[in-house]
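Produce the entire structure from the sequences given, and follow the hints as far as they go.
Number of protein chains: 2
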Amino acid sequence: MTETRAGHEGRGAPAGRRSGPGRRPGSPDTRATILAAARGLFAERGFAGTTVRAVAGDAGVDAALVHHYFGTKADLFVAAMEVRVDPRTAVAPVIEGGVDGAGERLVRVLLSVWDDEESRLPLLTLFRGVGDPHGQRLLRDGLMRMVLGPVGSGLGLDQPDRRMALVASQLFGMVAMRYLLVVEPLASMPAEQLVATYAPIIQHYLDAPLP
Amino acid sequence: MTETRAGHEGRGAPAGRRSGPGRRPGSPDTRATILAAARGLFAERGFAGTTVRAVAGDAGVDAALVHHYFGTKADLFVAAMEVRVDPRTAVAPVIEGGVDGAGERLVRVLLSVWDDEESRLPLLTLFRGVGDPHGQRLLRDGLMRMVLGPVGSGLGLDQPDRRMALVASQLFGMVAMRYLLVVEPLASMPAEQLVATYAPIIQHYLDAPLP
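Line by line, the protein sequences give chains B and U.
Per the UniProt record's numbering, the first sequence starts with residue 1, numbered consecutively.
Per the UniProt record's numbering, the second sequence starts with residue 1, numbered consecutively.
In case anyone wonders, no lab produced these hints; they're calculated from the structure.
This structure is a prediction, so every number in the text was calculated from the model and none was measured.
Nothing false has been slipped in among the hints.
Distance ranges between label pairs, derived from CB positions: (1) B:ALA32 to U:GLU184: 36 to 42 Å; (2) B:ASP207 to U:PRO133: 38 to 44 Å; (3) B:PRO133 to U:ALA36: 19 to 25 Å; (4) U:SER119 to B:ALA32: 42 to 48 Å; (5) B:SER188 to U:HIS134: 19 to 25 Å.
With the C-beta cut set under 8 Å, the calculated list includes, among others, these residues of chain U facing chain B: (6) GLY49; (7) GLY129; (8) LEU181; (9) PRO211.
Ideal placement from N, C-alpha and C gives every residue a C-beta, glycine not left out.
Shown next, in the form of structure tokens:
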């Protein structure tokens, strides 16, 4: 009860110090424990509100070990946020079907990923970082480029950047209302009704003449 | 140089302690100084990353004085985020013109407020709180209810909640892309081109048959 964890006060602990009394040895289990702690804290407190020290504390390891395995807090965030669904696999059917009906397929794929609780948690955490410069960069360069970039070029759109930015603006807002702000009736609406509502709009952004 | 500000270590400092050596007396100037410090810190670090103590530090006053004037951190946030534009005034012309063309007027009003740097800063800070439960409540109950609720009822829409949630989903996403994530080409696009792009979509959500 009165024992103090080693390194608790030690901001200046040497970075190379990795093993010692009371610290777990490096192992796949330790990595998984750290990642689980990071996911929990990032989800609860967001990127800015989470420290590597707090993650280490929750995982029962020294902060230096977290840095050793995962690098900076931003690196840890990327590792922890690794979504279960590979975005390239998920959007493949959207692209393969061609432009016709691509709007509907895209909305349906997106909702199937977000409606699944296991894939939603890390994505939600990623979206919670939207207020933070790191989180913004991750969202813009990660999700936007990994998911929407390939769709735009895969479908062979004219003005792909402009069209996919419009698509992103609607899908981002839909996700924000349904999952982040939990605005009714969108939050409780059946996925197929949302597909029917948004598919024509996304299709419009994909292939209608733009002003 | 070696002087320590009173109360620096004092988490349990009595709440009523308001004046003393080294603290500024309460005055309109002090309020303004605190609000300016709060705006700066909330904008820089978001809601979760900002403490009342840090705001007090930046303003050069005791944290108890901040609590005395503004209450909790959430109360301070609301006070600091007070937007320059009264949303009721801003949306009045959208409502007065009736449903016809309301989509276009709404997009134009929104962009005129957001493109103005003075009104953008507090709004941006409000949006940065989207990852945080407090910020979410403020966004949902504040902006959504203050701005979009009156439009839905003022225009006499059928299914106003559903239609305004759809409107919100597109406008929120547009704002996120243009001002928060700064996604090109939306970030640099002339406002009138955005109006022409989004007005038909917003109008659709306002008055088209919905699935």
